[in-house]
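Visitor: Hints are included, so try docking the two chains, each in its own frame, into the full complex.
Protein sequences, first through last, are from chains F and Z.
Numbers 1 to 498, taken from this note's numbering, label the letters of the first sequence in order.
Numbers 1001 to 1501, taken from this note's numbering, label the letters of the second sequence in order.
Hint data in this document are derived by calculation from the structure and do not stem from the laboratory.
It is possible that some hints are incorrect.
Claimed, not checked - Cβ-Cβ distance ranges computed for the label pairs, FRET-style: (1) 456(F) - 1158(Z): 29 to 37 Å; (2) 58(F) - 1065(Z): 28 to 36 Å; (3) 1375(Z) - 449(F): 43 to 51 Å; (4) 424(F) - 1158(Z): 40 to 48 Å.
Keep in mind it's a predicted model, so treat the numbers as computed, not measured.
Using N, Cα and C, we set each Cβ at its ideal position, and we do this for glycine too.
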Amino acid sequence: MPDAASSSIWLAAPVLLPLLTALLASFTASRLRAALCAAGTLATAGSSLFVLARVVAEGPLRHRLGGWGAPLGIDLFADGLSVLMLAMTAVIGGAISLYASAYFTSAHERRSFWPLWFLLWTGLNALFLTADLFNFYVTLEVISLSAVALVAMKGGPVALPAAVRYLFVAMLGSLAYMGGVALVYAQTGVLDLHLLTGRLGEGPLGRAALALLIGGLLAKTALFPLHLWLPPAHSSAPAPVSAALSALVVKASFYILLRTSFSAFSDAALAAVGPVLGVLGAATVLWGSFQALTQDRLKLMIAYSTVAQIGYLFLLFPVAMPGAGDAAWQSKAWIAGIFHALSHACAKAAMFMAAGAILHAVGRDDKNSLRGLGERMPVTISALATAGISIMALPPSGGFIAKWMLLVAAIRTDQWWWAPIMIGGGLLAAAYIFRMIRYAFLSTPDGAPPLHPVPRRLEFTALALGLLALALGLASVFPIAVAAIGAPFPENWFMEAL
Amino acid sequence: MPTLSSMIPLLVLMTSLVTAAVIFGLGEERVRTRTFFNLLGAVAKIGLVGLMVWGVLHQHVFETRWRFMPELDFVLRADSMTILFSTLSSLLWLLTTIYAIGYLEDSPNRRRFFGYFSLCVTATMGVSLAGNLITFFVFYELLTLTTYPLVVHRGTEKAVRAGAMYLRYTLGGSAAMLIGMLWLYVLVGPFDFASTGALRDLDPKYRWHLMVIFALLIGGLGVKAALIPLHRWLPEAMVAPAPVSALLHAVAVVKAGAFGIVRVIYDVYGIDFAHDLGVLKPLAVLAAITILYGSIRALAQDDFKRRLAFSTVSQVSYITLGVTIFGPLATLGGLVHLVHQGVMKITMFFAAGNVAEALGVHKVSELDGAGRRMPLTMGAFTIAALGMIGVPPLAGFISKWYLGYGAAVAGEYWVLGVLAGSSLLNAAYFLPILHRVWFKPQRGPWPHEHPQHGRLETTWWLLLPPVTTALIVVLAGLFAGHPASPLSWVKFISTREFIAP
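Pulled out of the complex, with its shape left as it was, chain Z reads as follows (with noise of 0.2 Å):
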């Protein structure tokens, strides 16, 4: 008998599965009705996300588990790691579908991007209800699959080449993967994900197959998280148009694969048993690498959006540096990064958005003088970029003190190294964009320049989300011990999942 808890994560889902489904079934010129499911999917999913958010504060279960092939159930379940994900991830919908309301407005295919957009959401928080690894599969490859339509929605021979790309290192990662899962499973049968790990009581004669299973399965999300060497498809699916960019490639896609990362090293293998395996370390290690990495190429690009997809890869790998090192306080902040960054570089792809869409600028070495026409958007965008460098009180500074602190901590002292290396690196790469925009007067005539909207700098669905998230980021800083931030919720789950026994 169905209760109406066990319904509550199918229902997060459905919020967006029949938004899409609806917004297929409208006509292309519907817009106004459009615009409504959109608006209301992404405002019912929110609520929801806040009964689980109760829900897991109370010690209530929300569950919904089905038999879908013999011995293995699909399970959706919410625990404190699902509301960090999915309290980011709706959140962010809401902001991005106006945003993308905003953006796209007059321009062709919306019926297919909404529905598409919509389908990602649904595959996004079904990552993050998983609650074992074959459901968190089933939606891993569903993302792959309705990102690909937003990649080449510009309809483009560039587009369809970077969509290419795309395919061919999520679907190779998904086959390791595939693979992992597969010996694991011979291994030791069905399991959920839980938080003291599930493979703990294994025969020390199978050690070496854990290990090889875990690289298996890092390979596979380490596509979607950027690790290198397989972050090539990040610059390249920039191609899309901004909306995308800012949820999916800042938020939804790669955080799914450092989520997943996480989801391995905490619930499948537990972080003791990672760490008495030898695993931890190469992953931190080559994680350093692609922060450092991510942030040197940044330098190099003049693209605005690729300068910022190479700073996702380099971020991204922040979360998977903190929970790697064994130790409760770093993983604090490789956790609390898991949001901070999405809301940091949420914003930075707004703003670069705007640019894009009232100034036709693309590339850095246009935003000469662009804070004077548009101060709200680079306002905002000035507040994530010294966020994300890591000045206090932003939020930025709250990972990087408690990655920094918590490696001090664990005696992982060359953390310290690679995070001032790639502070300074951050800084290099950001200041000098915030020096033209503010400092150096306007050359010439912006390149492809809309008529201003009234007195604003562009229009209100374009300005309202990137200012939201700028201030998400200040408050996420400033009041980061008050029972509400994404710092404290972090707390919350490592003395719920990883402390507690």
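Just chain F, with the same shape it has in the complex (with noise of 0.2 Å):
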């Protein structure tokens, strides 16, 4: 697949536009900077779905970044698989711009939010278009200093310690992961995973390697019990911060380990850390989700709801790993973990967007100051519903998409435990989801005081996003077919199925 693929210079496109954003928006006067600013979205945006629609008309791509190619130079990868994630991010940081430029008012906020920002989203679309262990590396050190820089921006006892705690984490993640890396290049020579093809984890050298390479992964990942850096720092960073952490940044870690571990690993070792993940998994989803059960904070609530969220992903592995049953069953789980990805993130970004407005309008976010919001901010509170229902994993929602054909894959592998625990954990999320929303349908108690004005942009992204998360639900062809774009499995279930 490598080999064949085409060349396309356009691949460059997403990454060094923002980039090229970033820097000039470091030392741009403020009204400058505000349409700079809406310039370089836009440009991201339309370049990485640009990209999306050349994948889908040519197939994967691959860019020689300098005419150097691997092992020793840059290369820029793209299949179906990098082009969804791409999309993704294009999509929600659009949508985050948009409710940015109104969330921040101050002139000092502006300037560090919107460098840092497209730092960030830099780092991401870069690390969607690789396909090399190093390279991986640094594109998640850009994401991880960019994002504690942005969690820190705010200042102040909550959020400077958050942040300096997931300075830690995301470090020690990031050392154990370079541990790894070098490891795997004193065993082999490449780091290239298309030149490792199915050769990690091999002998003991490779076992060690492919833990570390692991363990750092899952730190960065917040999975069970690396988890507790997550809810602090994504409840406490600025609404559009929350939203590019809990909907962007814990899928690039993961996108790495997802990457990796199918066209990476051996047989062997995929079939040994399956069931490890999946156990994991299910370990974050249940944890997750009762401490969401206990929050009484809104923002609170919905960091531990991405805990629990994030296990989810992981159950795949199992279920999807050589040897658990036939392929068509094993690509349907791996689709059913990326189609849950992209709707948690339109989800999940609605929620924190949600979240902001009611900050900015009550000045706080415990669960009385949702009364009466129902009928004083409804759009804020339907992009809260209608995002909490893929959450809940309700039909119609993409949510639920992703749920049933993990459920159906995890049956029909014969691993039918994980069910209970897929079931289980949307029950857990009606119920905290619930728990916080029945407040807003309390009448506004007497002697309320006014809202603060909350600009409809901040309101209507929110909603849109939700909206977005359901109508996966009814139009789940399309991303399917995507995703089956160089997808790593010999049989072709997806397109029979479509």
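Guide: And the structure:
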């Protein structure tokens, strides 16, 4: 497949455009910056979608930066999975830019947010267009550092410790990952995923390398028991940052794991790792959900819900790993995981944006502050509710489609025991979401202070993403067909089923 | 290439979905515009449903279908069963909209109310149009979610508690149903609703699987159909405003459950096969117990709407009872009751809403002499109550006649005892109301009386709907033999779907 990939210079655009915007935004005057960032957003999102269109038309693409190829140079690579992630980042990123343009009002905030945000976007796009263990490391560092800085930008006694804790875990994770990369290089001499095909995890050295790689990535993805840093960081950040962290950043390290495991791990290694990841994922689902059920603050509840939702992503490993059943059902689980990542991104970004609007209007986000908001902020509450439907995995929503496919695949591969976790997790999600949202349906208390006026853009951006999460439940065929392009499965189950 | 025929089912949904979107987009104060769009949507829907009736009669297929996930299609199709439910809901939607406009005059949050109300109707129509189990499930869940804001509409602590209970029951039920659907899908793959069922050819060694799946599906559907012990949410949900109780809790929500049971028995399992499996008898017994239990509980309720709610628990199970008795005649009784019960019960809730709105009366014990004050309202109520008891020639008599006759033909004589007992109980909890209303003098001033509207007992908005539905109760019974009656349509269904191969 990699040799057959055609070359396209366009692959560089989604990386270079946000980088350029970040650089320019860090030293332009504030009036110019607004226009620049709007243009940068459009250009970045547009180029990402263009790459999607090219991959849909031509199949997987590869581009050698500066003409140097692997194993020495930097290769950009895009297949169906990468462009789906790229498109997800384009849509959510565009929404975040739109939201942030109304959310941040002081010059100080804007000066820190915009360059960092575009740097983060650069890192994400670069990561999704990479198929090389070392470049993954570099892009992951770009993402982590800009994300930590974004959490810290608010300052104060809550955000700073959260940012420091986040930094600490991110650094440890990177260190472990880098150690793993070094071992892989020592053993094989290559880091390009296409050259490593099926070779990772052989022998004691290989197993050590794998353990380090996976451990580092799990810490960054916040899998149980390495999740403790996530809730404070995601809940104390400003709303657009929370949205970016929960919707996009955690998906980056998951993406690395997904890609490396299915293309570079040996079958034996994958079969050994799969069940472990599944068990950790299940524990994460339950633990995150129960924690979310006990939170009294909206943003913390949403953050713990992110932990729970990340858990579902990892259930795909035991179901999709080789030897788990016939390839048709493995590929179904793999697709289900990707689709879950997409719909979670829309839903979770919508929830954090809605929470940001509430925080802006009421000044606090404990559950009592939601009283009466059903009548006073109907758009925001609708955003919260529509996104909630997808998180609860009720139809019609992207979350439902993802869960249905994963459930069917789990049962078909004789691993029915994942089913109660998934169904129970859905019920728990309904419990923690309705526990919060029911307050919005109470009447406005007498003598409630007037709401601080909220820019309409905040409310409607959140609602648009919430509705998008629902729409994914009625139009899942296109994303699935895209994911099938260059998918690491021999049998092309996708096409006959569509 | 989408043709007009393939768009009709979608358009039927759109008439209320677009109405909802327009209403949410309009400001709270745009009352006249909102009323206009509400009525426009309701009338347009009736027109489209009329077109579907024509189509089904002329063997014309109206089907919307697209792939919404791998291997599974989203199917909306008008078959004769669809017509039964969608005609009922679209007609009652129009009447209830008229009623709600009058009932909620000058109350807060009307935009939210009418918006969700339209969404609920969209979900209900989707339930009736769904052409396979998963599409059914999508709308069934949507119905849960869109009714929640209406249950808690009053915004009181009590309403929110009732809403939480509603969700616990319905979402728990839907988890059971999801497991059942999943299991079925893994066993037999994707299939559409078909009049012969889809499971007959499965390897006999899976019979016990199919029995468990049946229990799971009925467990999920039984929540909305208020089968005991899953009925407890229904009386609590009566905190909602009267139009919600009227349309949703007398018709849409409970009927979605009952309709789902009908679909599972006839179009998923097939009545013959379900009979072979032996799953019908337990369900029939459960329905019979629910019928008696609901009636007994209704006896003791002083709250007017709660009494009606327990009566609903009882009456909806007639449908389940009818379709679980193996034989075409009892099926006729069950299916026709789907329509008859809807029309009768909505009349009663309209009447209960009227006395609450005009007189502030919420309790049965406060109704003394209400007939003199509100003769049209209480007249409509009386017709519906007599119909429920099964007095000929009203609609309820037709249902009970076919249920009893069908049960006797099928050799299930115990059903006759259930019917007799239930009719006695119906009389025992309805006749005292009628006695109070017509024959007792008024006791002191009404709790909270609104000034009269000229010579009318209340506004036209509130009077027209119950009088119309009461008229339908009379006509559906009197002219049961007419080709346009619900009974004739049900006979048409049974020849088309169950007796024909």
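Visitor: Now look at each hint and say whether the structure bears it out.
Guide: Quick rundown of the hints versus the structure:
no., hint, result
1, 456(F) - 1158(Z): 29 to 37 Å, "holds (34 Å)"
2, 58(F) - 1065(Z): 28 to 36 Å, "holds (31 Å)"
3, 1375(Z) - 449(F): 43 to 51 Å, "holds (50 Å)"
4, 424(F) - 1158(Z): 40 to 48 Å, "violated (30 Å)"
Hint 4 from the earlier list is the only one contradicted by this structure; the remaining hints agree with it.
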